[in-house]
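Trainee: Now for the letters of each chain:
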Amino acid sequence: MMLNKQLMKAVLGHTCNGRVIVGNSRPHIRLSRCLNTTNQDSSTSAQVKEVSDNEPTQQSIVRKPKRPPFIKNLFLGRFDKEMLTYPEVLDKDRHELLHEMIVPIERFFEEQVDGEKIDKEAKIPPETLQGLKDLGLYGQQIPEEYGGLGLGATEYARIAEITAIDGSIAVTLAAHQAIGLKGILIAGTNEQKEKYLPQLACGEWTAAFCLTEPSSGSDAASIQTRATLSEDGTTWLLNGSKIWISNGGYADLMTVFAKTPEVLPSGEVREKVTAFIVERGFGGVSSGTPEDKMGIRGSNTCEVYFDNTPVPAENVLGEVGGGFKVAMNILNSGRFSMGSSGAGILKKIMGWALEHAVTRKQFGHHLSEFAMIKEKFARMSVAIYAMESMAYLTAGMIDGQEEADCSVEAAIVKVFSSEAAWHWGSECLQILGGLGYMKSYPFERYLRDARILLIFEGTNEILRLQHAGNEMKGMIQKLRNPLMNPGFILGKGIERIRQHKDNPKLDLNLSDSLHPSLKAAGDILEYCVKRFQYSVETVLARHGREVADPKNQLELARLANCAMDIFAMTAVLSRASRAYCIGVRNSSHEVQLAMTFCDEASARIKTMVKDIENGPFISNDSTYAKIADTVIEHGGYAAEHPLTRVFW
Amino acid sequence: MSLRVLVGCKRVIDYAVKIRVRPDKMGVVTDGVKHSMNPFDEIAIEEAVRLKEKKIAKEVIAVSCGPTQAQETIRTALAMGADRGIHVEIPAKEMEKLEPLHVSKILAKLAEKEGAELLIVGKQAIDDDSNATAQMTAALLEWPQATFASKIEKTDGTLLVVREVDGGLETIKVKLPAVVSADLRLNEPRYATLPNIMKAKKKKIVKMKPADLGVDTTAHFEVVEVCDPPSREAGIKVEDVDALVSKLKEAGRI
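Residue numbers (UniProt numbering), protein chains in the order written: chain F, 1 to 648; chain W, 1 to 254.
Isolated chain W (complex conformation) (with noise of 0.2 Å):
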């Protein structure tokens, strides 16, 4: 049985970008800020890929909610080797205020609507750190999960899934179709290269809004206030043991 794979991408502010707090403290800078896929989203990519150069998968279709420029993540995943995508199309002020809840929902009717049998997520994204879709999709699904990914490979009908928990790893057996979120050490992705940049021209986006799939965007939490870390105060350097002791207890820490 060769499956149908769906996989999310979230295009998110790049990891090497300097986070700045917008001056009205309800969200980060976006403008003019470079924005690439969540990292972990790209292993998620690279595994059903891998899949299918393994003939395990059939083919291979990226999600993405997002903006307009979600459309260049999507790209990306195409020119990464996925065969086709959906743009699931949340306007820019509405992404801000997009919850796991409500991405869960969609990648679940796309699950259904596609007959995808395994839908790969990253484990979490690098921007609100939520790391819930995967696990709330699962449950919506009624599929197993297998998160934390760091191997995976497939057996008749059922998917052998290694994750790394606390102080191991861990073997487990799903039933097919299932989620499964990846963790870092899953896979290093390819870089898209140039000729496939090209072909991935050629292959098609649709386009789509939450409505047609019947899911209600309305936020269910509201955001106060966004603000800096509190910056690091500098350190002190003391004598001996006994000092570090003693200004341990002054400062309430033993």
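Excised from the complex, chain F in its bound form (with noise of 0.2 Å):
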């Protein structure tokens, strides 16, 4: 196995008390960890194994390691150090490649790209497309042996960030590959990979995927267009209608889901969720009138109408019934790719506005010798590094490992960024004070592109509750069964009474992992997860089962919300000490911006710790839900109005 000098000494400066040990996989994606031999590590056994694990791998055949998922370990009080050494995914070859690749997407944003008027005609110009396809850009994810350019979730978000730049295009090339045609990708067959990717690479088709319906948004499992069998078994008949397809104007390709029934053995009929590639050909298919919508303005957003749609039966997609998964599989990994699309627009338009508060004079002095405008730039370098870390770490992860299962790490990086993005793109606007405004200043643009990002591909408030109650639910399990988790009831009490007086044992060593001058911030992560834990053990405590009821929300998002700075904390270190122990340009900058954020994060997740802990009825929760209550009752705002008078 050949060492990278550089990353050999990476390694060997952290490893403090510790000792390297060189794990079998792939030699150039994961090189080294460490593992401090005095303390129990606190991650499962897979890791242990891997470790353990040192047969010789043939070098044709490329191995990746598996690893437990770190966030749904995390709600067990579970943390990977793994993470704390931020991956290399790329080797020599592929490095140069991405950044070959790069100059003339670049360029061709640069020169070929008008955001503009693309906003203002709502619709991205023919050649503007076709030069997008002849640039590849249709086929990155891929295999090459279909025509594509077998890109890794980690090129896949480098590009991202350059097609970010107009979020029409950005949109349109997400619609057809991150999630109109990752189906065929993810659960496809050899026939139906062969008989559609290649078209779909060279861009020759557009690709859409189409779930949602006017009755059925967030809540996808209840659709309501059907698709019955022929009696003779080779044809399916789909009709419904869908809203709110992106590319649904003109999508060569559909993925389509629909309601199928299954017949119990009882004889029962109960209809279940089936995948289907849709040819715009097959007949019966049509669009409705583009949307006229605040931002994204020249990406094509139609409803789509199926009417007696006749699909061979080889085009279910997965299995008959298994719909959903394979839905929710596409949406998980779609989404990593935001975190460092958003971060790319957002480098951007700083920098346009910190060139004018470098010019921009008032009151004898440039604007950027204002402490409030300086603070701008500072916090928002801040959110911009975490939102980079992030999503470079999750992509890290999804190519890195066996099977990675990443779907919360994702998500986190789709609400954090997409937040982010809108909060720091306003604050540039304000920079520019009333010229930002101004729709001669492309800031107002791009605040309106952003403002989708919170909302597609899973609200928000949908990612956060979804993924923080899922992984209580499976806490609940674990609870109900002690004797399977003997280890998790175990100990519990001392630790308690610790937590308690918020002076958690920190028995993890998270920062031997880092670099020394990380090590006050390796202690606040760790502080962190356990206050996190105790959170998670506090709320199942007082819920229960009706953990994840609809009135129990705001402790979850609570609980989402700790758990989206613990991994954007975990993340930014890591990086962070990445850069210093092999010196990068501005390295001890980054470990100001990674010591920055954790402090704030940490404050963040004290005084929502401090709310899980004292419950809703000393928190504000129980009153605003009694508000929101007066409000519904009296159908809208329900203060008399300041001039009112009972009395004269």
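No lab work stands behind these hints: they were computed from the structure. Just so it is clear, CB atoms sit at the ideal spot from N, CA and C, and this is done for glycine as well. Careful, some of the hints might be misleading.
To be verified - Below, a sample of chain W positions facing chain F; criterion: calculated Cβ distance under 10 Å:
#1 Ala16
#2 Ala192
#3 Thr193
#4 Leu194
#5 Ile197
Each of the two chains sits in its own frame; use the hints to bring them together as a complex.
Mentor: Written as structure tokens, this is what we have:
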């Protein structure tokens, strides 16, 4: 195994009293890992197994390590320290190749993409679309044997930073390949791949993803579109309508979800969701007029109607009745790149805002000399650093692990980045003042475009609940069967007393996996991990099986927010430590960004844990519930007008 | 007759980068600065690739003289359609002192060695603006030269080249082998597509040193100082033509 000198140095740099163990994993993916020998690692057996598993592997068979899901385990109070070694996914060749690819893409977007015109005319010119197809951007993750580029998640995320420069194009590309054709990549048969991927890769065909319906938004399982199998079993007949379908006006191929009947052994008929690959040419497919939207105006969003559309039986994607899982897998795997695209946009517009701040003078000073303006740039940098760190950590997990389960991490990336893009996009506009509000400047357009990020591919509210809720339900199973998980219950007593005093026992030694200069932040992270575990247990003890009830959402949302901050802390520390060890330019700046993020994140977590500890009656949760009840009952704002008089 | 075409491509600081002079005033800042292929050389590569697509050329060889990173420039040429590359390695420090004459000698040797019948280069590099390599190489090879080409057409054994000259266009006929330098309007270079960038990875780049070609790269001149152009002074508004004339007289302009 060849060890890259620099990396070796990096590793040795932060193995204090631990030792370096080189795993048997793909040499250029994860060369190294640090394990502290004196303390038991808190991650699951999968990790331990991987280390001891040292049989030689053939160079031709690329084996990736299998790792336990990070955030899911965090809910159990387990922290996988491997996450503190920032992934090195690309070998020299892939790294060079990626950076060669970036050059023409950047140039194309600079020279050929007129974002203002696309927004104004609500249409991407056909020659621009053709240019994107010619470049090869329609087949980024399609394997090379089907005519695509065969890019991994990391490479895809890097390219998304550039393609995000125009929101309409980014959404068009994402609708095509991040969700539209993703089902074929994930669940397609070889025949389906051979038949469809080549023309999708070159952009001859465009794909779309058809799940949402007028009466079925976040609740995807409630769709009404139906498919019935013909008597001879060869053809399904598809009926129903889909709404807000990106590329829906012209997509040649659609991944459509519909209810199909399933006859149970008892003779009872139950309806389950099935995924279908539908060609527009099958007939009975029509589209509505493009929607007039707030942002991403150039992307084509339409209703799509299916009227007795005949779909051959071999075009079922995955299994009949297994469509809901297919849909979730597609959506879960499509979200991770939103972090890098959000960061890409923000870096760009922050640059423009900065240019203004260093040239514009008021009261005899450049704006960049004013502390309130400086603070915006500093905080924005911290946020971008977190977005990037999480996005590439997640992409690295997807690329570097066998059957990586990153659904929660990807959801965190999406939620955090979309909110940061919206907030900081608005602050960039604010720095320009009145100018920022004008259409002749691009800020308002970017802000309008960014707004959709909080809504589509699962609203941020749903993603918070879904993931926190699912983890909590998993915990209940374990709690209800303590004999199966003895370690889970044992030793909780003393720790709870310490936790009550806000003084958890720090025994994970997280800072051992980081450069010594990040020790303070590493300890903060560990404190947060412990407090998070305590909060999870507190919420579970309080609500038990009702934890995922609609009325307990605020508690779940707090847990979700804590998990987000912990993941972000892990990502920034891991990245800054790597940067400092290998000596990239401005690495001490990176350390500062990471430390600042951890400091603020831990303050947020403290507040949230306190609220959870206090419970709904001391925190304002129950008061807010009452206020909302009054408003709902009243049918609107319930306080009397301030000019109202009840006496004269 | 199908031609073997040699194309020179130089790695320069990207045209969009704001150039900064080094504190020691001996050159400009290149560290951490975006570099790309000299735009005129991109036109030269594009033309060669088009000749190949028209079956006029049988092989396109891209040459770059420069540090290790010059290979990135060659890769771009390969991704645009060149068949193979030659990297003449010049350490970054020596690159600052490399003169058009050195490059001409290298290109001339390579043209002979590879049996090229046509050498196309950009009319000038956007960093040192020398505009001399094509001319000197033609002289060294004793080949005819067609500089500032805006259109190239092949007839039997000759090239018809339209040149942009002061006041209009000049069409000349040169015998092959010949040296051509590309002007801005010769063509619009394509974008290297991502699949082609991947395919280019499999194309070969041969590495050599100037000494391997028997070329001595000792500098003929010394840089005394590099400095920023003087910053433009603010203008003034004058009331009328008379005021303008008197101001111009005052400044000694008329």
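Trainee: Against each hint, give a clear statement of whether it holds in the structure.
Mentor: Quick rundown of the hints versus the structure:
The criterion of a C-beta within 10 Å of any C-beta in chain F is met by Ala16 of chain W, whose closest approach is roughly 8 Å, and the hint holds. The beta carbon of Ala192 of chain W is positioned within 10 Å of a beta carbon in chain F (closest approach about 5 Å), and the interface hint is therefore held. Interface hint status for Thr193 of chain W: upheld, as the beta-carbon distance to the closest one in chain F is roughly 5 Å, under 10 Å. The interface hint given for Leu194 of chain W is met, as the beta carbon of that residue sits about 3 Å from the closest beta carbon of chain F, less than 10 Å.
Interface hint status for Ile197 of chain W: upheld, as the beta-carbon distance to the closest one in chain F is roughly 5 Å, under 10 Å.
The structure is consistent with each of the numbered hints, conforming to all of them.
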